[in-house]
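Chemist: Sequence:
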Amino acid sequence: MARLEEELRFVLENCCNDIDVESLVDLRSLSTRSSVSMGDEIGCSPGDETGGRDDSKASAAAVEEAVGAGSTITRSSYRSTPSIRVVDLLPPDAVEDLRSIVDRMFAAGHGWECARAYGAARKEAVELCLTRLGVDGLEIGDVQRLEWEVLEANIRRWIRAARVCVRVVFASERRLCELVFDGLTDDAPFTEAVKSAALQLFGFAEAVSTGRRSPEKLFKMLDLHDAMADLLPDIAAVFQSCLSSEPIYIQAAEILPKLTEAIREIISEFETAVLLDPPKTPVPGGNFHPLTRYVMNYLGLISEYEPALVELIATSPSASSRFSDTDAAAAAAAQIDVPELENQTPLAAHLTWIIAALHHNLESKASLYRDNALSHLFLMNNLHYIVQKVNASPELRAMIGDEYLRRLKGRYRQLATGYQRATWARILHCLSYEGVHVAGKLSSGVSMSTLRERFRDFNAAFEEVHRTQATWFVPDAQLREELRISIAEWLVPAYRGFLGRYRHLVENGRHPGTYIKYSVEDLELALSDFFEGSPASVNRRRFHRMTTP
Numbered sequence: 001m002a003r004l005e006e007e008l009r010f011v012l013e014n015c016c017n018d019i020d021v022e023s024l025v026d027l028r029s030l031s032t033r034s035s036v037s038m039g040d041e042i043g044c045s046p047g048d049e050t051g052g053r054d055d056s057k058a059s060a061a062a063v064e065e066a067v068g069a070g071s072t073i074t075r076s077s078y079r080s081t082p083s084i085r086v087v088d089l090l091p092p093d094a095v096e097d098l099r100s101i102v103d104r105m106f107a108a109g110h111g112w113e114c115a116r117a118y119g120a121a122r123k124e125a126v127e128l129c130l131t132r133l134g135v136d137g138l139e140i141g142d143v144q145r146l147e148w149e150v151l152e153a154n155i156r157r158w159i160r161a162a163r164v165c166v167r168v169v170f171a172s173e174r175r176l177c178e179l180v181f182d183g184l185t186d187d188a189p190f191t192e193a194v195k196s197a198a199l200q201l202f203g204f205a206e207a208v209s210t211g212r213r214s215p216e217k218l219f220k221m222l223d224l225h226d227a228m229a230d231l232l233p234d235i236a237a238v239f240q241s242c243l244s245s246e247p248i249y250i251q252a253a254e255i256l257p258k259l260t261e262a263i264r265e266i267i268s269e270f271e272t273a274v275l276l277d278p279p280k281t282p283v284p285g286g287n288f289h290p291l292t293r294y295v296m297n298y299l300g301l302i303s304e305y306e307p308a309l310v311e312l313i314a315t316s317p318s319a320s321s322r323f324s325d326t327d328a329a330a331a332a333a334a335q336i337d338v339p340e341l342e343n344q345t346p347l348a349a350h351l352t353w354i355i356a357a358l359h360h361n362l363e364s365k366a367s368l369y370r371d372n373a374l375s376h377l378f379l380m381n382n383l384h385y386i387v388q389k390v391n392a393s394p395e396l397r398a399m400i401g402d403e404y405l406r407r408l409k410g411r412y413r414q415l416a417t418g419y420q421r422a423t424w425a426r427i428l429h430c431l432s433y434e435g436v437h438v439a440g441k442l443s444s445g446v447s448m449s450t451l452r453e454r455f456r457d458f459n460a461a462f463e464e465v466h467r468t469q470a471t472w473f474v475p476d477a478q479l480r481e482e483l484r485i486s487i488a489e490w491l492v493p494a495y496r497g498f499l500g501r502y503r504h505l506v507e508n509g510r511h512p513g514t515y516i517k518y519s520v521e522d523l524e525l526a527l528s529d530f531f532e533g534s535p536a537s538v539n540r541r542r543f544h545r546m547t548t549p
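Just so you know, we're using the working numbering here: the sequence shown kicks off at 1 and counts up by one.
Derived by calculation from the structure, the hints in this document are not laboratory data.
Don't take every hint at face value.
[Unchecked claim] The list that follows gives simulated cross-link-like pairs (lysine-lysine, BS3-like), each with its CA atoms no further than 27 angstroms apart:
id, residue 1, residue 2
1, Lys-389, Lys-409
2, Lys-258, Lys-220
3, Lys-280, Lys-217
4, Lys-389, Lys-280
5, Lys-195, Lys-258
6, Lys-195, Lys-123
7, Lys-220, Lys-389
8, Lys-217, Lys-409
9, Lys-258, Lys-217
The structure presented is a predicted model; accordingly, all values stated were derived computationally and were not measured.
All chains should be modelled from the sequences, with the hints used to inform the complete structure.
Modeler: Encoded structure:
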């Protein structure tokens, strides 16, 4: 009996077809369950068009090339799926030799020893496949302690490897076990061969699903969820039909709800993080806040996963239930006004709520600015950026809805008006006619001291605004130009009228250049320098003639 067992091991270890598993990693037919089945060898439904068979035969040829000449690709007798690609792990004559050895061992009452020897030999081959596919034998704790950049690369590699393992390696091992042990025993030899590798493979996904949640992990979690959902029917086909291997399927099936819960928790925690991101140092020049960029780019990526997330996100956000255990978050959430749109999906409601939370947070960050005009400009910039990012994504725009976008547009236009009033009301007051005319003072009825003071005040105020607001920044070129035009519509007519009315009086007096420093064209030229984010020193030479008496 020892001799038969030795023969069994010899055949299993020395007669195997070499499967080039690395070449199968990027095979298109293994990457999705929607792939066409492998032509006539695997079977097409009567209504299939023959045109689909070209792709099927190309896929079959690619797998056949990977497993070596002379190998065949067959459909297993167990319940299969269109994406499973069973290959011959041993040549037919080697399978016949194995069957003969197994028959004799079982006939002699050594079936258990036979199954154990078979499983041990095939286990080494299966584990070698995992190693060649780059699946590391990490414990759950080891996986969860990996730096995110390393874990992200491992997830990407795992997804590709899992397709090959389930759809080729495990399925082919199942088929080989059937050929060798058909009618003699259950699938215990198969389970013995693949159990360790399968638990290692699915253990990685489970470790990721139960690891620490953080926003940057969401998209790889979604990729992992999609991969598991795509593979689960194939895992069921390979493992679910027998008692000994069903626990492997159960472990794999339990990963999906864990990933779903992880994805929901990440989105919930992201919402809270956006809402409570603390005000720190104001952004120089009123530019976009890093949080705004991060959140909107994040939402843009989320919208690309809309088909999957619509299925996973089943409930709309609820401030009262979500933040009941966080006083600060509950208080902040209570102040957020989000429109409830008819027929809006829970996912869309979450994304709208995140934008509303971002808006609320930006309002608090705007209070860091001591200059009220810069506070308005900062909020205007950021809300305009939010609207632009939503409009740039058809998926995101459809979920957010026009009503909320109109609200945001109205708010940033209101902020633009607020900026103008905060900056230019005092300057325009210098150009007011009120108080310039004094009855009986002079033949002209104009107080020259008041008039000169008005020009001096205007010059000083405008120079200060120009020096300061040249360093402020409006990143969007169109918005920047619209804001300059709006300022010019306020300032230029007022200055032109004031200058036209009183210029001759000042020029007839002493040192007129001290008071009238700018022409209307000078002001228009100076306005073109506003909101460029350049320090005043850069512009000094350009406007030297304007500021020189």
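Chemist: Compare the structure with each hint and give your call.
Modeler: A quick look at each hint next to the structure:
1. Taken as a hint, the Lys-389 and Lys-409 pair is honoured in the structure, with Cα atoms around 13 angstroms apart against an allowance of 27 angstroms.
2. A distance of roughly 14 angstroms separates the Cα atoms of Lys-258 and Lys-220; the hinted pair therefore holds under the 27 angstroms criterion.
3. Between Lys-280 and Lys-217 the alpha-carbon distance is near 25 angstroms, which keeps this suggested pair within the 27 angstroms criterion.
4. Taken as a hint, the Lys-389 and Lys-280 pair is honoured in the structure, with Cα atoms around 24 angstroms apart against an allowance of 27 angstroms.
5. The suggested pairing of Lys-195 with Lys-258 holds, with an alpha-carbon distance near 21 angstroms, which does not exceed 27 angstroms.
6. Proposed proximity of Lys-195 and Lys-123 is supported: the alpha carbons are some 8 angstroms apart, at most 27 angstroms.
7. Simply put, Lys-220 and Lys-389 have alpha-carbon atoms about 23 angstroms apart, close enough for the 27 angstroms limit, and the pair holds.
8. For the given pair, Lys-217 sits about 32 angstroms from Lys-409 by alpha-carbon distance, which is inconsistent with the 27 angstroms threshold.
9. A threshold of 27 angstroms between alpha carbons decides the hint, and for Lys-258 with Lys-217 the separation of about 14 angstroms falls inside it, so the pair holds.
Checked against the numbered hints given earlier, this structure breaks only hint 8.
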